[in-house]
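J.: So the chains spell out like this:
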Amino acid sequence: MRNEKLAIKIDDLTVAYDYKPVLWDIDLKIPEGVLMAIVGPNGAGKSTLIKAILGIIKPIAGSVKIFGKPYKAQRAKVAYVPQKGTVDWDFPTTALDVVMMGTYGSLGWIKRPGQAQRKSALEALEKVGMLAFKNRQISQLSGGQQQRIFLARALVQNASIYFMDEPFQGVDATTERAIIKILKELRDAGKTLIVVHHDLQTVPEYFNWVTFLNVKRIASGPVKDIFNDDNLTKTYGINYKVAINP
Amino acid sequence: MNITEYFSLLFTDYTLGVITLGTAVLGAVCGMLGSFSVLRRQSLLGDAISHAALPGIALAFLLTGTKQTHFLLLGALISGLLGTFWIKSIVKKTRLKNDTALGLILSLFFGFGMLLLTFIQKLPNANQAGLDKYLFGQAATLMVQDVYVMIGVTGVSLFVLLLFWKELKLLLFDPDYTLTLGFNTRFLDILITGFIVLAIVLGLQTVGVVLMSAMLLAPAAAARQWTNRLSVMIFLAAIFGAFSGVLGTAISASQNNLSTGPVIVLVAAGLVLLSFVFAPQRGLLARRVRFYRNRKELNLRKTLSVMYHIAQNHKDISHPHAIKILNNFHGYTRKTLNKLEEKNWVEIRGNQWSLTAKGYQEAENFYKPNEAIQDI
Amino acid sequence: MSNAQIEIQLIAALAAMACAIPGVFLVLRKMAMISDAISHSILPGLVVGFFITQDLNSPWLILLAAVTGVLTVVLVEFIQKTRLVKEDTAIGLVFPALFSVGVILIAQNANDVHLDIDAVLLGELAFAPFDRLLVGDIDLGPKSLWVIGCILFMSLSLLILFFKELKMSTFDKGLATSLGFSPLLIHYGLMSVSSVTIVGAFDAVGAVLVVALIIAPAATAYLLTNSLKKMLILSLLFGVFSALVGYWLAHWLDASIAGSMTSVLGILFLLVFMFAPRQGVISAIFKEKQQRKEVSLLIFLLHLQNHEDPLERHINHLQEHINWHRIQAKTVVDLAKKNNLIEIENQVINLSDKGLQFTEEALKYITTNKPTAIEDLKNKFFLFRG
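If you're matching them up, the sequences are chains G, X and R in order.
Using the working numbering, you'd call the opening residue of the first sequence number 1 and step up by one each time.
Using the working numbering, you'd call the opening residue of the second sequence number 1 and step up by one each time.
Using the working numbering, you'd call the opening residue of the third sequence number 1 and step up by one each time.
One thing to keep in mind: the hints can contain errors.
[Claimed, not checked] Result set (DSS-like, lysine-lysine): computed pairs, CA atoms no more than 27 Å apart in a straight line:
#  : chain 1 : residue 1 : chain 2 : residue 2
1  : G       : Lys-181   : G       : Lys-234
2  : R       : Lys-30    : G       : Lys-29
3  : R       : Lys-289   : X       : Lys-92
4  : R       : Lys-81    : R       : Lys-164
5  : X       : Lys-92    : R       : Lys-30
6  : G       : Lys-84    : X       : Lys-166
7  : X       : Lys-97    : R       : Lys-330
8  : R       : Lys-364   : X       : Lys-97
9  : R       : Lys-293   : X       : Lys-93
10 : G       : Lys-9     : R       : Lys-330
11 : G       : Lys-234   : R       : Lys-289
12 : X       : Lys-93    : R       : Lys-164
13 : G       : Lys-58    : R       : Lys-293
Source of the hints: derived by calculation from the structure; they are not laboratory data.
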């Protein structure tokens with residue numbers, strides 16, 4: 001790693017819904033500047049981990065530090081791309097409007113977005129190849145295009161750490177390539193990216209860091225060191241084998 | 001009095017003016033705030049809240065002995081809020097689902113309210129008459145003070161809406177994201193629910209507890225069909241609401257024995273129906289038209305591409321072929337052929353057709369990769 | 001008790017029972033609000049039917065109104081399919097509109113129609129004994145008793161005949177479909193039975209309160225039991241109880257019978273909501289406290305197992321490492337010590353053999369995502385008994 005500064009440090013994090021545990025005693029250190037996949041079976045708590053880090057869900061024990069401070073103090077440095085399915089895409093608004101929402105955090109209460117915010121939203125739209133669709137109603141976009149809009153909204157936040165919940169779900173191959181290209185650019189610019197990912201085949205190609213999660217942390221580290229059948233089996237239970245290209 | 005008389009009296013008759021203004025303002029505020037319930041998928045919460053308000057009205061009367069609107073509506077507000085709170089705690093604390101909690105509170109509170117109302121009716125000395133206007137609404141009983149209160153509430157809610165516009169829009173679209181940006185979603189939630197309860201309570205006198213929820217939903221549902229912008233939707237919903245209020249009151253006033261609530265609701269429902277059918281883009285009619293147009297277009301393309309494949313096998317693309325070899329499986333009808341000729345893509349001689357250079361070019365374009373989705 | 005009083009109570013009890021049966025399935029299928037929609041929108045069907053038959057207890061009128069109810073469900077589903085509005089908005093739009101049509105029809109024909117608005121909202125239970133079924137000169141009792149009796153008999157027979165199918169399609173749609181039970185058939189069957197029942201009970205208790213008779217007994221029973229059969233029996237009992245107690249309450253207050261039946265159901269629900277042994281609010285508070293303690297203990301043990309470093313296991317560092325802002329570290333340590341799960345040496349905490357074994361087993365259960373298995377574990381290790 002270029003530097004050993006920690007982007008995120010999680011200690012003994014336990015999260016429970018109605019006191020039914022979904023994440024147990026997680027310890028995790030994520031160095032700055034990695035493009036990291038979180039993998040694990042359904043119900044392993046992948047989304048929950050992200051939500052707990054972002055303070056959407058309150059953990060019952062443990063602590064999360066972002067660049068050494070709690071999330072509340074570091075909000076401006078963090079951007080979030082939720083799962084595409086969590087919002088109503090029939091909502092009466094346009095693509096540009098959704099991307100502008102990324103600027104709301106830096107504006108704070110009451111203050112309205114102005115020309116500067118509009119400009120950065122347009123730039124983000126251009127970056128994800130959606131400038132031509134800026135005035136489209138969001139329900140008239142394809143799944144891939146909607147995901148690009150969500151990515152653009154996060155880009156506008158101009159953060160140091162990006163959290164993404166299954167950004168490749170239900171998108172076309174072109175969009176998947178386009179998104180991963182942007183993610184790699186961000187990583188090369190020193191940003192940290194944490195991505196909940198489903199497709200194990202593409203992990204070595206897309207990511208340089210990986211965390212195996214199944215309620216507990218199974219393993220975490222560089223893909224080339226720890227992405228192996230042993231950890232996959234530990235995470236997914238059955239004898240798991242993927243063809244890993246060297 | 002018929003409707004034309006009603007409207008001609010509007011500007012001269014003080015009482016009629018007050019009533020009309022009141023129902024217009026009420027419709028507008030309901031349409032505005034109802035947009036939020038519709039977009040938050042809380043459409044049925046309004047129904048539960050309005051029914052839950054009934055025992056509050058009866059209890060307020062029993063306790064104070066007055067029929068003054070403000071006291072009764074204060075009772076309605078308290079019991080409406082109590083109902084809302086109880087619904088939320090049922091969903092949170094037990095395994096009963098949201099719809100069960102809504103139906104439960106709605107019917108239990110209403111039943112208790114009816115028990116009290118029938119009890120009050122039998123009381124020997126009470127001047128109880130008039131409480132049942134809260135069931136289906138009686139706009140004619142609106143007083144000028146009531147209208148002032150309505151205007152006040154509308155003004156305040158409009159101000160708050162504009163002040164927190166950005167935050168409320170964000171909350172409606174993506175609550176989790178709103179939280180990560182550092183906004184207090186709980187505060188916003190209480191703010192918007194509070195105003196919705198207030199609007200419901202204000203409407204009880206005019207529309208009544210039984211039908212109040214439609215007054216919230218219908219204008220918003222109609223408005224949604226005409227626009228894809230939130231601000232325009234809320235504005236339209238306010239207009240539709242005001243229109244339903246005024247027209248509904250006018251119709252009910254010009255008939256005997258007709259409560260205002262059902263008429264207002266039917267006018268609003270008519271607007272919804274019109275919007276569902278005739279709205280551009282989203283409307284059912286527009287969809288049908290689009291569907292047929294697409295199918296026609298598709299048939300045209302299908303025929304052309306069949307011709308293209310036949311023509312490809314010849315050196316001369318304009319070599320004539322028999323019309324017989326086309327069938328409707330290829331999307332061919334006499335009409336499609338004429339249409340193709342109109343566009344100068346084919347030439348027809350007798351019962352032979354031949355592709356033109358322009359038609360060949362057009363067909364070739366179908367097979368190029370779709371450029372709509374750009375690669376970055 | 002006069003004859004009329006007995007008859008009224010009988011009608012009320014049968015109506016409550018008839019409503020409770022479809023109610024159980026509507027509540028379990030998360031479709032409770034559909035009953036609200038049906039009960040409102042049958043009104044125009046009822047009024048038109050009344051114009052034709054001139055008899056509120058005519059089977060034709062009941063059939064016509066019930067068809068209106070099923071049509072409402074179809075209409076709501078149609079609007080949902082257009083995706084112009086969301087599901088709940090579709091329900092919320094359809095029933096007030098149809099109800100308004102009914103109210104206006106009644107108001108416009110107030111002189112010809114024996115219906116009035118109060119009857120629509122409250123039913124006419126008190127007058128039910130006056131309308132009698134006469135065959136020749138023989139008095140067979142009130143008509144509405146026969147109507148609601150027939151409806152109850154029908155639902156009970158259908159329930160017994162199709163119990164297995166109903167149960168399976170309610171709890172496991174996928175399995176039911178794969179076994180060849182058409183979910184659509186069961187859905188519309190249930191909707192039809194609900195419509196007929198609502199129409200039948202409408203006469204007795206009115207539009208809004210019939211919803212209470214459908215939802216409240218089932219919801220109350222659902223807080224008390226997990227078994228479908230027990231839930232059905234409890235709902236029937238609650239229905240009958242509310243009918244009888246409600247009648248006498250109304251008698252005493254000289255107020256609406258339907259209103260007081262609903263109020264009795266409301267009080268019943270409130271009591272169960274507060275005091276139910278497992279689902280109630282008060283037991284939930286205790287349960288939550290207990291669970292919090294258990295979860296804390298498990299976190300604590302896992303932490304010990306996870307960390308070799310004695311510094312992480314030092315008694316004074318627990319606070320800082322596990323960040324127990326809401327949990328009292330001391331109670332947890334005491335609990336673990338009492339259950340012989342830990343040993344403390346020089347202020348460094350170690351897992352005992354029992355603790356180690358327990359933690360490993362717990363971990364196995366946790367990662368297989370079976371939270372209920374924890375209960376078995378607790379019993380196995382005789383935990384939390386002190």
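J.: Are the hints correct? Go through all of them and say.
T.: The hints, checked one at a time:
For the hint linking G:Lys-181 to G:Lys-234, the alpha-carbon distance of about 30 Å lies beyond 27 Å, and the restraint is violated. For the hint pairing R:Lys-30 with G:Lys-29, the CA-to-CA distance comes to about 43 Å; that exceeds 27 Å, so the pair is violated. Between the alpha carbons of R:Lys-289 and X:Lys-92 the distance comes to roughly 16 Å, so the proposed pair stays at or under 27 Å and holds. In summary, the hint linking R:Lys-81 to R:Lys-164 is not supported, as the alpha carbons are separated by about 30 Å, beyond the 27 Å threshold.
As the CA atoms of X:Lys-92 and R:Lys-30 are separated by approximately 16 Å, the hinted pair is consistent with the 27 Å bound. Note on G:Lys-84 and X:Lys-166: the hinted pairing holds, with a Cα-Cα distance of about 21 Å set against a maximum of 27 Å. The suggested pairing of X:Lys-97 with R:Lys-330 is violated, with an alpha-carbon distance near 38 Å, which exceeds 27 Å. Between R:Lys-364 and X:Lys-97 the CA atoms are separated by roughly 32 Å; this puts the pair beyond 27 Å, and the hint is violated.
Between the alpha carbons of R:Lys-293 and X:Lys-93 the distance comes to roughly 19 Å, so the proposed pair stays at or under 27 Å and holds. Of the pairs offered as hints, the one joining G:Lys-9 and R:Lys-330 holds, with about 26 Å between alpha carbons and a cut-off of 27 Å not exceeded. Between G:Lys-234 and R:Lys-289 the CA atoms are separated by roughly 33 Å; this puts the pair beyond 27 Å, and the hint is violated. A C-alpha spacing of about 30 Å is found between X:Lys-93 and R:Lys-164, which places the hinted pair above 27 Å, so the restraint is violated.
For the given pair, G:Lys-58 sits about 17 Å from R:Lys-293 by alpha-carbon distance, which is consistent with the 27 Å threshold.
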